[in-house]
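Model the placement of chain P on the given structure of chain H, informed by the hints.
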Amino acid sequence: MVQVQEEKKRPEEEEKFVTIYIMGKKYKVPAALTIMKAVEYAGYRYIRGAGCRAGFCGACTTVFRKKGDYKLYTALACQTKVEDGMYLTQLPFIPANKAKYDLNKLSDNGALLLQYYPELARCVSCNTCTRSCPQELSVMYYVQAAIRGDIAKVAELSFDCIQCGICALRCPAEIVQYHVGQLARRLYGKFIQKRSQNLERRLKEIEEGKYEEELNKLMTMPIDKLKEVYSSRDIEKRG
Amino acid sequence: MKLIRGYPEYMRESIELVAKTRQRRLKETFRKMTLEERDEVLSKYHPDYKKGTKRPVRIGPNKGDVMPNELADLLESHPLIDPSEISLDQIDFDVDILIIGGGGGGLVAALWANNSGIPAENILLVTKLRVGDSNSIMSQGGVQAADRPEDSPVRHYLDVIGGGHFANNPELVKTLVTEGPFLIKWLEELGVMFDKDENGEFIERPGGGTSRFRLHSAKDYTGMEIVRVVRDEFRNRDIPYLEFTSAVELIKDNQGHVVGSVLYNMETKEYYIARAKATILATGGYGRLHLQNFPTTNHYGATGDGLVLAYHVGAPLRDMDSAQYHPTGAAYPEQIVGLLITEKVRGMGAQVVNKYGEQFVFPLEPRDVEAAAIIRECYGRNNGVITPTGMRGVWLDSPMIEIISGEGTIRKNLSAMWRMYRRFGIDMTEDPILVFPTLHYQNGGVVIDNTTATKVPGLFAAGEVEGGVHGKNRLMGNSILDYLVFGKRAGIYAAKYARNAKIGKLTLEHVYKYEEMLKKAGIETDRRSPILLPDYRGKKTIERTIDLLQ
Numbered sequence: 001m002v003q004v005q006e007e008k009k010r011p012e013e014e015e016k017f018v019t020i021y022i023m024g025k026k027y028k029v030p031a032a033l034t035i036m037k038a039v040e041y042a043g044y045r046y047i048r049g050a051g052c053r054a055g056f057c058g059a060c061t062t063v064f065r066k067k068g069d070y071k072l073y074t075a076l077a078c079q080t081k082v083e084d085g086m087y088l089t090q091l092p093f094i095p096a097n098k099a100k101y102d103l104n105k106l107s108d109n110g111a112l113l114l115q116y117y118p119e120l121a122r123c124v125s126c127n128t129c130t131r132s133c134p135q136e137l138s139v140m141y142y143v144q145a146a147i148r149g150d151i152a153k154v155a156e157l158s159f160d161c162i163q164c165g166i167c168a169l170r171c172p173a174e175i176v177q178y179h180v181g182q183l184a185r186r187l188y189g190k191f192i193q194k195r196s197q198n199l200e201r202r203l204k205e206i207e208e209g210k211y212e213e214e215l216n217k218l219m220t221m222p223i224d225k226l227k228e229v230y231s232s233r234d235i236e237k238r239g
Numbered sequence: 001m002k003l004i005r006g007y008p009e010y011m012r013e014s015i016e017l018v019a020k021t022r023q024r025r026l027k028e029t030f031r032k033m034t035l036e037e038r039d040e041v042l043s044k045y046h047p048d049y050k051k052g053t054k055r056p057v058r059i060g061p062n063k064g065d066v067m068p069n070e071l072a073d074l075l076e077s078h079p080l081i082d083p084s085e086i087s088l089d090q091i092d093f094d095v096d097i098l099i100i101g102g103g104g105g106g107l108v109a110a111l112w113a114n115n116s117g118i119p120a121e122n123i124l125l126v127t128k129l130r131v132g133d134s135n136s137i138m139s140q141g142g143v144q145a146a147d148r149p150e151d152s153p154v155r156h157y158l159d160v161i162g163g164g165h166f167a168n169n170p171e172l173v174k175t176l177v178t179e180g181p182f183l184i185k186w187l188e189e190l191g192v193m194f195d196k197d198e199n200g201e202f203i204e205r206p207g208g209g210t211s212r213f214r215l216h217s218a219k220d221y222t223g224m225e226i227v228r229v230v231r232d233e234f235r236n237r238d239i240p241y242l243e244f245t246s247a248v249e250l251i252k253d254n255q256g257h258v259v260g261s262v263l264y265n266m267e268t269k270e271y272y273i274a275r276a277k278a279t280i281l282a283t284g285g286y287g288r289l290h291l292q293n294f295p296t297t298n299h300y301g302a303t304g305d306g307l308v309l310a311y312h313v314g315a316p317l318r319d320m321d322s323a324q325y326h327p328t329g330a331a332y333p334e335q336i337v338g339l340l341i342t343e344k345v346r347g348m349g350a351q352v353v354n355k356y357g358e359q360f361v362f363p364l365e366p367r368d369v370e371a372a373a374i375i376r377e378c379y380g381r382n383n384g385v386i387t388p389t390g391m392r393g394v395w396l397d398s399p400m401i402e403i404i405s406g407e408g409t410i411r412k413n414l415s416a417m418w419r420m421y422r423r424f425g426i427d428m429t430e431d432p433i434l435v436f437p438t439l440h441y442q443n444g445g446v447v448i449d450n451t452t453a454t455k456v457p458g459l460f461a462a463g464e465v466e467g468g469v470h471g472k473n474r475l476m477g478n479s480i481l482d483y484l485v486f487g488k489r490a491g492i493y494a495a496k497y498a499r500n501a502k503i504g505k506l507t508l509e510h511v512y513k514y515e516e517m518l519k520k521a522g523i524e525t526d527r528r529s530p531i532l533l534p535d536y537r538g539k540k541t542i543e544r545t546i547d548l549l550q
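Heads up: the protein sequence lines correspond to chains H and P, in order. When you line the first sequence up against this note's numbering, it's residues 1 to 239, in that order. When you line the second sequence up against this note's numbering, it's residues 1 to 550, in that order.
In case anyone wonders, no lab produced these hints; they're calculated from the structure. Please note that the accuracy of each hint is not assured.
Which bits of chain H does chain P cover? Going by a derived footprint, with three or more residues having C-beta under 8 angstroms, they are [stated by the list, open to error]:
{"id": "1", "region": "45–54"}
{"id": "2", "region": "154–166"}
{"id": "3", "region": "223–233"}
The list that follows gives simulated cross-link-like pairs (lysine-lysine, DSS-like), each with its CA atoms no further than 30 angstroms apart [claimed, not checked]:
{"id": "4", "chain 1": "P", "residue 1": "LYS472", "chain 2": "H", "residue 2": "LYS225"}
{"id": "5", "chain 1": "P", "residue 1": "LYS185", "chain 2": "H", "residue 2": "LYS237"}
{"id": "6", "chain 1": "H", "residue 1": "LYS28", "chain 2": "H", "residue 2": "LYS81"}
{"id": "7", "chain 1": "H", "residue 1": "LYS153", "chain 2": "P", "residue 2": "LYS196"}
Glycine included, each C-beta is placed from N, C-alpha and C at the ideal position.
Extracted from the complex, chain H is given alone in its bound form (with noise of 0.2 angstroms):
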């Protein structure tokens, strides 16, 4: 490793900071933070409350006031800044309930989505759910769309839902959006979504095994030749 030279700045926004209330108490943090990171430095230990921090998991759902602001905010603690004078706390837990199914058994009908979550008839279409949701997906109209029995429209607009569970929590209606959302996914997947014929024909190669000798002889083959074989090899090209 050759000799580098790390030029350690610490950053001008770090000096700043800003007054957070978590769960009432009031901490000073500096202001470059995530919500997640200012709460650790806080001095609080994640058991429950961080996943993934990155986006990906919806474990670490927060919601929030601001100082003279009457709006109740939901984000992603580890992907939103600190701001000056939040009030917040993290959701530990969403209580919710999931269908069970076997899908073998279900078809692409779109009546299914009312079948088994039929409190979706409830929505009086207030947008909470929309509005709460930290990955900005149209969560009303997904709901709409499962009214209607649309699977394939639901799939697509809930796709991105990381099923944090805040719509539901939000929901006046008592609707459990996500799941439905999940529902919906997995019978587009299997009913409607069309299946490759491609893979299809590699698996019966592979069961005749196709593959079998072809494979063996480079399992034995010397790494000296191995390495010839594998440099030669062509490369596919965009195009």
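Here is chain P on its own, set in the frame of chain H:
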């Protein structure tokens, strides 16, 4: 500090150079390195080769083997529990199969154990976070499987073994490439929504070190989509699980077989005894050990617990001398430093360029080579961009994707990336993004055979915790495939083993023996392991500096 569309004013000069060279670069392909050139850049610039960062471990089945200091520290620690305080007389959970870990490997193993005839109620899955919280759910780019007519499992085999520096276990690689396509089919049947064309064929893309376009993806939420579906199926079958509960020490019986685990409820701080005929380790990797102080792409629980548990019962590890640094972690802004920028960004045509807007490496070299070349550009040639926190990085020219495949492509295919940058005021369809290597994957792990059995009877391992599949370097898209193929095998073979297993008298004698080994080797320390979760309280939360000094 004044920001212009998310970037400090001083970075804009370099961003303009990137924009200026873009049209010209669209027609240019940077030459790929020869095997000799790869070796040279690796030995000079890859973190694995840095002096003073590794040492031979002094005790246990791998005594004398060189591994990162951080891992050697874990293995040279006192066991977390005092066995004299744990009673094995009262069994809290008595099952056929205990699965430790709730990520991709654990969930797939649970479903296949169930498919193999083990009733749901005779399975127990434990995880120290929530079911699904894992590196698996964070995987973005895709999963490899050779199913196109112009591709074959033989080609896939060559790519895997060459990418792994010919150090892989050939038998495991053969299993990976020949069973892989069957697992893709299994996911289709479970209702995973892959990116497909109108005929139902997968839209497949290239990855680093792959000789064919072979990556199946679901936008840049591939891992999330797969884990969501597998978890949904797991819940549908009512397989029992315990969340926020860690395995802290495996239990053996008087025949030397692994027969369950001591569990620890992280919230109530109680211990439970789980007795099992077969135990599957699916604990993932060790990114949160922050080797050499590198930031990591890994989830909160990636603390290498499985390696420690296996080592304590005498199961050997392999290839622990090599770690994977993903070439492109975010280097700016500060809030997301180290987070993964999927290889798919390069797979879709974005080039890697220096502060002058010039290419210096083929964008899809195997990961270790690509990462070493980026470190060379930043520190060997001083052509990186320096961030306000003193980090260096190079540009990943994401706007090229929109030029190559049309406006809106990023939003549609890379929505997770687009959303993350937008949250911090950066539009990656207009401006390039700054990247630097980040600790990503544990290439090695617990030694397994083709049935996922470790060297200790009763103990199986699947996913990132095991070693041998990827040799010294894993290719993109083979980690999902690994947990699918070997998670399935772990479920099947653990079920088979459990049917004939007879459990003897339970013991934690190996824990006392481990303490004796420490003492004999003269290791005096107050470290304890497994560590279960990292500690970022107080000042530790401020960005870690990568010490690239000798």
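- Query: Are the Cα positions of LYS185(P) and LYS237(H) separated by 30 angstroms at most?
  - Reply: holds (26 angstroms)
- Item | Annotated coverage of the region 223–233 of chain H by chain P, confirmed only when three residues or more have a Cβ within 8 angstroms | holds (count 7)
- Please work out if LYS153(H) and LYS196(P) have their alpha carbons no farther apart than 30 angstroms. It holds: about 16 angstroms lies between the C-alpha atoms, which stays within 30 angstroms.
- Taking only the CA atoms, is the gap from LYS28(H) to LYS81(H) under or equal to 30 angstroms? holds (14 angstroms)
- Residues of the region 154–166 of chain H with Cβ under 8 angstroms from chain P, three needed, outcome: Our answer is that it holds, as 5 residues pass the Cβ test (under 8 angstroms) against chain P, meeting three.
- Task: Test coverage of the region 45–54 of chain H by chain P using CB-CB distances below 8 angstroms; three residues minimum.
- Result: Coverage by chain P holds for the region 45–54 of chain H (9 residues, Cβ < 8 angstroms).
- Message: Against the 30 angstroms threshold, does the CA-CA distance of LYS472(P) and LYS225(H) hold or violate the hint?
- Response: OK: LYS472(P) and LYS225(H) at ~19 angstroms, within 30 angstroms.
Violated hints for the displayed structure: none, as all numbered hints are satisfied.
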